[in-house]
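S.K.: If you read the sequences in order, they're chains A and B.
Just so we're aligned, residue 655 is where the first sequence starts under my numbering, counting upward by one.
Just so we're aligned, residue 266 is where the second sequence starts under my numbering, counting upward by one.
What the hints contain is simulated information worked out from the structure, not anything from laboratory work.
Check each hint, because a few of them may be wrong.
Stated by the list, open to error - Quick list of the computed label-pair ranges, beta carbon to beta carbon:
1) Ala754(A) - Asp327(B): 45 to 51 Å
2) Val320(B) - Ala658(A): 41 to 47 Å
3) Ile461(B) - Val743(A): 49 to 55 Å
4) Ala741(A) - Asp345(B): 55 to 61 Å
5) Gly330(B) - Gln760(A): 56 to 62 Å
Nothing here was measured: the structure is a model prediction, and the numbers come from that model.
Cβ coordinates follow ideal geometry from the N, Cα and C atoms, glycine included.
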Amino acid sequence: MIGALALAVGLAVGVVLNPTAPSWLDPYLPIAVVAALDAVFGGLRAALEKVFDDKVFVVSFISNVLVAALVVFIGDKLGVGGQLSTAVVVVFGIRIFANAAAIRRQVFKA
Amino acid sequence: MRAVRRPELGSLRRPGRARVAVWVLLAVLGFGITVSVRAHSGAAGLSNARPDDLVGILDDLDAKGRRLQSEADSLQETRDRLNGSDSGAEALAEARSRAEGLAILAGTVGAQGPGIEVTIDDSGGRVGADVLVDAIQELRDAGAEALQVGAVRVVASTAVVDPTGGGIAVDGHHLGPPYRILAIGDAHTLAQAMQIPGGVLDTVASRDGAVASVATPALVRITAVRP
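Here chain A stands alone, though its shape is the one from the complex (with noise of 0.2 Å):
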């Protein structure tokens, strides 16, 4: 619940404050976020399964950010940086799916 509004107050400040990414952040910022969803996704359906923990959801949101970023930076170096970010967006993309189905098993029984 505290989650939902700590998520919420985020954009809030993030409309209000109207920021621009320093722009060698742009390849990566997309990437990022997509891999943190996966791990909110994740954290969620751990809520309903009602195995969640702080520990693990901060561990894997971190290092899900870190490694996507890691990914298409190495990437970005081997000339290859757009078909990376492709590869990383599909897996996080698939597994997001895999716990969106998880979630709406959970809560409508289906």
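Since the structure of chain A is provided, determine the placement of chain B on it from the hints.
M.R.: The following block gives chain B in isolation, referenced to the frame of chain A:
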């Protein structure tokens, strides 16, 4: 801290450090979402473009810039020349040379210069307006500045038709074989345009009794004018 905790109980109890970290991370995520949404919509997608695409875009812009710069230079030069001359003589000369160029294009004056002469002999009456139109178009594409067929000046509005009774009518003037086309322009380019495979010479050669030839005299005189 317990490894597994019920969220309801966790919310009621005084929040642990890990729980606070969860909230902070969620707030950061919300912030990050707005930032990345704004970054994506703001810079027209350029910031997300890959280096290869950016290099291509930059090259295009460079080329465009150079072209515009050279155009600006030549216009500036013209302006300076027009401004700098104390009398209107320069402007008059400029206008006169432009009028001359336009007159040649419009066909109201004669012209002479390097060029080619194409002769199409057609004893069998097999060469019609289509061949002549093809030849005229090829010559125009190859950069012919002035054209004459027989004694008729060819300009933008010239019509070529097959009249009844054979021959070819150019702008209403009835012409019979051999057809003589004069073109002023780069002689080599014009001759190449006639000789390309499948071009005018090939087409004429495929018709019975028709022969076409290209000559490159040192000086081509176009004397026919339009009223």
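S.K.: Please name the hints from earlier in the document that this structure breaks, with their numbers sorted from lowest to highest.
M.R.: Hints that this structure does not satisfy do not exist here, as all of them hold.
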